[in-house]
Amino acid sequence: MLYSLARRVDNIPVLNEKGEVIDKKYSFEAYYYKNRYLNPVIRIAVISNGMMFLCRRPEKFNYNPGKIDLPMETYLQYEEKPEDGVKRILRKYFPENEELDPRFSIKYRFKNEETNRLIYLYILYVEDDSQLCNPRFQDGKLWTIQQIESNLNKGYFGDCFEDEYEQLKDAVLFSEEFK
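In the working numbering, the protein residues as written are 1 to 179.
Be a bit skeptical, because a hint or two may be false.
As the list claims (entries may be wrong) - Restraint ranges, calculated between C-beta atoms of paired labels, are given here:
1) 10 - 167: 36 to 44 angstroms
2) 146 - 29: 35 to 43 angstroms
3) 98 - 141: 19 to 27 angstroms
4) 130 - 91: 14 to 22 angstroms
Because the hints were derived from the structure by calculation, they are not lab data.
Glycine included, every Cβ here is placed at the ideal spot set by N, Cα and C.
I would like the entire structure built from these sequences, with the hints used as guidance.
Printed below as a string of structure tokens:
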């Protein structure tokens with residue numbers, strides 16, 4: 001029993017200001033140390049038919065619970081490459097579809113009173129939005145640019161999403177231009 005419990009606890013890397021791994025912590029500790037350490041996080045945006053797919057963050061999340069945000073996010077695990085973390089999260093949300101191929105968009109730092117993250121943002125372009133009808137996505141729906149912009153800066157969306165919005169908006173517009 002102890003062995004199975006230990007397998008469910010992930011180690012996440014602690015980074016220095018240059019993004020180099022200097023230590024590791026248990027993932028559940030992030031809540032207690034808040035923004036004291038820099039941790040890598042993978043976020044995957046989904047774009048389909050000129051819209052962004054957004055979901056409600058689960059209430060169990062330590063950061064921004066209940067806010068509308070990108071559908072997929074995870075800590076990068078200790079000694080895991082970002083590409084492997086992306087594959088891991090895709091297996092969790094789309095176990096039946098191994099052909100999905102998110103594209104790296106940007107790496108940036110996000111820090112506030114509650115968290116300190118080095119974010120790897122990926123974008124997944126999905127033509128068939130029926131695969132988004134997935135019980136793993138809480139209250140998920142496609143949002144137009146206009147719907148998002150009318151709700152920005154009102155405390156409705158997650159903090160990271162609000163920071164990423166302009167980058168993601170460009171990706172939506174780009175996807176429509178070359179459709």
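Hints and how they fare:
At roughly 28 angstroms, the beta-carbon separation of residue 10 and residue 167 lies outside the given 36 to 44 angstroms, and the hint is violated. At roughly 41 angstroms, the beta carbons of residue 146 and residue 29 sit within the given window of 35 to 43 angstroms. The hinted window of 19 to 27 angstroms between residue 98 and residue 141 holds, with their beta carbons roughly 25 angstroms apart. With their beta carbons about 19 angstroms apart, residue 130 and residue 91 fall inside the hinted range of 14 to 22 angstroms.
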